[in-house]
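K.L.:
Order-wise, the sequence lines are chains A and B.
Each residue of the first sequence is one higher than the one before, counting from 4 in the working numbering.
Each residue of the second sequence is one higher than the one before, counting from 10 in the working numbering.
Because the hints were derived from the structure by calculation, they are not lab data.
Computed from a predicted structure; not experimentally measured.
Glycine included, every Cβ here is placed at the ideal spot set by N, Cα and C.
Any given hint might turn out to be false.
In silico lysine-lysine, DSS-like type, Cα no more than 25 Å apart, as pairs [unchecked claim]:
#1 B:K225 - A:K133
#2 B:K186 - A:K133
#3 B:K186 - B:K225
Per the computed footprint, the stretches of chain A lying under chain B, defined by three or more beta-carbons under 8 Å from a beta-carbon of chain B, are [said to hold, decoys possible]:
#4 25–32
#5 53–61
#6 126–140
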Amino acid sequence: MLTPPAESSGTQHPGPPDGARPVVIVPPGRWSLPRFGQLWESREVFLRFGARDLTLRYRQTALGIIWVVLQPLLTAGVFTLVFGSVAKLPHGTVPYFLLSYAGMLAWNVFSGIVSRGTGSLVTNASLVSKVYFPRVLVPLSTAYAVVVDFAIALVLMAVLLAGYGVNPGWAVLALPVWVVLLVLLASGVTVITAGLTVRYRDMQYIVPFVLQLLLYASPIAYSPAAVPARYHLLFDLNPLAWILQEFRWSLIRQPLPPAWQLAASAAVSVGVFVGGMFVFERMERGFADVI
Amino acid sequence: MTAAGKPNGGDQPQILEPPPRAPMQPSPAVTVTGLSKSYRIAHHADAPVTATEALLARVRHPFTRMERETFDALRDVSFEIPWGSVVGLIGRNGAGKSTLLKILTRVTAPTSGRIVMGGRVGSLLEIGTGFHPELTGRENVYLNGTLLGMRRSEIRSRFDDIVTFAGVERFLDTQVKRYSTGMYVRLAFAVAAHLESEVMAVDEVLAVGDADFQAKCLEKLREVARGGRTVLLVSHQAQTIVDLCDSALYLERGSLRYQGAVDGALEEYRNSYRRIRDAGLDASTRPGSGEVRFTSVRAERDLYAASDEKVVHLEVSANPELAGRYWLVAHVLDDLGTIVAQCDSRVLGFWLEPDRPATCELRLRTPWLKPGSYTVDAFAVRASDRIDVWQAATHFDVLPDPPYPVATSSEATDRGVVFADFTYERC
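Just chain B, with the same shape it has in the complex (with noise of 0.2 Å):
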């Protein structure tokens, strides 16, 4: 299914997925239509930061708008999303997902289009938001509850549940400040769970905490979906997604390419390669403010054992007008999206000089990485600002064969997300 322009058929519209374990109802929990988002974007040499500059440009030439590139977040996208389904958004880095998602709990507004929402939406977009160090645990449930939507008498009445989901009753009266991340993370995401909003809305908050936490973070979360109400995901874990998920959308550079089942979304992700990749090739349609670019990103081969040392070649064209050095950030991706390999040059004080082109390469010798598909995200960046963004730049795959000397049936390796390098010895 695609992100096709669709009237809203007023009453009763159309459900596009039979809707799993959802009640009858008139109206879909989420309707969305027609939805956009750009930002504009100025180039930074010109962009006035302080108020005297933007003076100066307005005095200087009163009749010409600033030049602004404008850089679509989310392109005319339409989906209905029925009561009580857990739904996932999957989809590249950039792709829209968050944007999505702020729109939704309108933290920004859309550029153009339509939501209609059934009831209120809760977010939990970063664990922790609103949490004020200084104040004590007891303070910040209630500071954070209110900011949710919560009033005061709903907040007095899950207080109790709050806290015990938590397991933070001995250090309500302490500053946050003194808790660790675990007890922070805990007693946030239980506020966040305890609010009775209609829709909830999720970004990526699963990553934190520990196993059994995150298990219950699950639990609570079905819950939820079991009561009638439903929840948008937003994870790069895919497990997490197969695991809660009902149905997903699958997002590609701002277009809703697919709705449905998780395994079509999945499958649809795996296959964006190609496509991601061709559309890259072109550089001036990358992201990044382009004052240098990828020449080449090429693996040296396309298969390698899972033990051997992978090796990326990188080059880079020369800006000889772009002042300060600049470093590279390579991303191993597996098929589903989980960033396995994060390479930043910085960590190792590699710099690159603009003023000349540059032919580097990447040497990954550990971890061994699982039989499978890999694609290779490719940044260039200086300060704070990414000069190039290729996604799935080039790719390789991992033989199936385990890096092992002795030969076991699959389920001797099959559970670790990469092969590891260790040795048992008798001491």
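Chain A on its own, in the form it takes in the complex (with noise of 0.2 Å):
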């Protein structure tokens, strides 16, 4: 097991300096315990990763930032045509577009952490092939930047609620909470993916298919009310369409989804998180030598 890098002490101790922490290199176990503490070690890559990202995104764009809001804004537009004009699916007591714009935050933070994370190892391996720093910071820091756009789109979303004269309540602070829990699944699924992309490059294609299903298959463009009874059970089978409603219920006044679900939905979230970094520390060692 290797023991996280030196902490700097600021003053320069030329030689075996004082403060130095031996460092132990050993193989690595068959199964061993992903390191937390070094990922703390080591937040200022994230942050730098993350930060990266985000320049270079929106560098050499003419509109910059008002993609973040125009994406969702007309993907939402086009659903509301579709799903609410054309197939007249219930909506209950809110506007269409509202449902829809909601499903849509919360979809765009999921399918970006996992669209953009999958290929990142693959983008950077001269860095995984060359430089030494916990490697699950690449397929992670890719959150950092989809929060960021999500932050952005919620600003229109309060202003889209203060237009359709829309109070979401009290219910609006426990948001957080479900973007925790979407940013957690979506990122223990993303670690698997951009550790086997190393491996099988097949990844760069299943991985937008089932995004592309999933984006149908989950009450996004359309309310869970207007799912035929007999594909419930379905439905309630799918931790995205629980943190969904969860989301609705924070934003729009939708109903609050059932107990077991709330609890389920922090379990899986959780669960797939530790899952994915238990995985990737697996599929990690061989990195260097097959990327």
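With the hints as a guide, bring both chains together as one complex.
P.N.:
See the structure below:
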């Protein structure tokens, strides 16, 4: 097991410095625990990577940050047109546009993290094979830019709520909890897909396809109330559907999901995240030799 | 001194070599015990590349593990390095130098063994790793510094030093994709060199940049060592090792054959020719996928004058099963292991078909080689795939007479790496 690198003591001690902690390198065990302590030590790498992604994304774009709101706005508009006006799906008392925009907000966090994270290790192959740092930070740091995007899109949500005269009430205070659960779930998934991509580039084709299926299989463009009763079991098993309803409860006064879903949603998100870290830890050993 | 497995002596480990200029320390900077690294290489034909193939292979043969060959990049290597020394790693291509550095810098994990290091390890494995072309110089300094393990406060306090060292003050807010190669390299080296790690691993980076900058880098590394930190240096240029290092490790085929003075390691390197050639005589032990093998590689003569055309005969076996053509590469190395000529047949449009045995000859007209011993490494390559690698497949000597019409003192000819074929004319 590796001990984390020595803490910088600020003062310069040439040679064997007093503050230097020895580093021991031994072969990794078959299953080793994710080194959360080391991740915390390397949090600056996470922030730098995240900030880099953000800078790169909007450098040399004409509209820049406007893309962040334009994309969910247009998508929600199309959904409203297709599912609300053409298919005339039921949407209760909330305007259809708010329903689908709230769905897109949550969906963009999930799909953003998973789709960007999947190829991240391969894109940064030169780093992975040349420098040492906890590699899991590469897929994890995609969450940084995605959450910033979410925050901007959320401001527009506030504007929309005011415009439509919908008051979310106290429920809105629970929103950060749902965001954390969603980020944990997506990060757990993307850590695994990113690790698999190193070995099997098939993932680059599978992941977008599965995401596309999920976009329609989860109640994003429509309300769960529009789902026929015989499919309820299927939707009750989809952790994304739970979180989507939690989002909508906080934002647009939709019914709170049953207690078991709240509990399961917390358990599944944390479980997927921790499980992903374990799986990644096991896959990570061979990265530098394979990538 | 050899790499015999040596028990770790606890708190009072024995120092293998008299520590040059090292302060008295209770423990060495680096202690490596019984270090091995093996790679599992599947043969290309049956290695699963896609998830489907891997899955199918599992389903078809659920109980057999994939037949894989293991390749030992490092075998039971043990050594200790005292604080404040600059240690050179010497060895031929594939001797395990880079693998050793990668393990020490934790880029890849060892298969067995144990390493104890007295502090942080900074690495300079390839210049500009982690530099992003779209980011500005300033942004890249922060990004790269963070990756190398510096804290933001550390980078901020050394930022001016880094920029001054690299000499890119005016271009800090320019994207590095607009930098010249020289500026790029200087900035990258500057960041890594200002990392206050206790141990620094440097691989081949001094080969880039102009002479002035190289001198500056060497001076910086010396300064690092004077400060009591430890530097591990891999270089193919023997001169760099001689200039900079106070001791050296000599690796051969994954084993540590020598640790001690630089001269001794270079001597060992020179003597390794015969051993390596003999090891390569049995084609099955040579690296490469082995679909075709060199059956003979032979210099036409043992002795050449400097300006003679050097001729090497190469014979390769046939393999009708192998699809596509392959090409040959020959490296001519001097006795310090510097590659003085790279003869890649692709650049001449010369390819071979594997369906019949090939007999060819390589004629090397220039450069005129300096007096000394030369070895030839022969490679057969297809796509990105090395079919056969025969190191030190043959050798020849070059006579000690300069190829020029007028005899002078040796000082008139001893500077260049090779003898140039030149004229002076009055215009």
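K.L.:
Take a quick look at whether B:K186 and B:K225 sit within 25 Å of each other, Cα to Cα.
P.N.:
This hinted pair holds, its Cα atoms lying about 24 Å apart.
K.L.:
Could you grab the alpha-carbon distance between B:K225 and A:K133 and see if it respects the 25 Å cut-off?
P.N.:
The given pair, whose Cα atoms are some 24 Å apart, holds under the 25 Å limit.
K.L.:
Assess, step by step, whether the Cα of B:K186 is no farther than 25 Å from the Cα of A:K133, and give holds or violated.
P.N.:
Holds. B:K186 to A:K133 sits at ~20 Å (cutoff 25 Å).
K.L.:
Does the stretch 25–32 of chain A contain three or more residues whose Cβ lies closer than 8 Å to a Cβ of chain B?
P.N.:
holds (count 7)
K.L.:
Counting residues of the stretch 126–140 of chain A with a beta carbon closer than 8 Å to any beta carbon of chain B, are there 3 or more?
P.N.:
Three-residue rule met by the stretch 126–140 of chain A, so holds; n is 7.
K.L.:
Can you tell me if the stretch 53–61 of chain A counts as covered by chain B, using C-beta to C-beta distances under 8 Å and a minimum of three residues?
P.N.:
Since 3 is at least three, the answer is holds.
Violation of the numbered hints given earlier is absent; every hint is satisfied by the structure.
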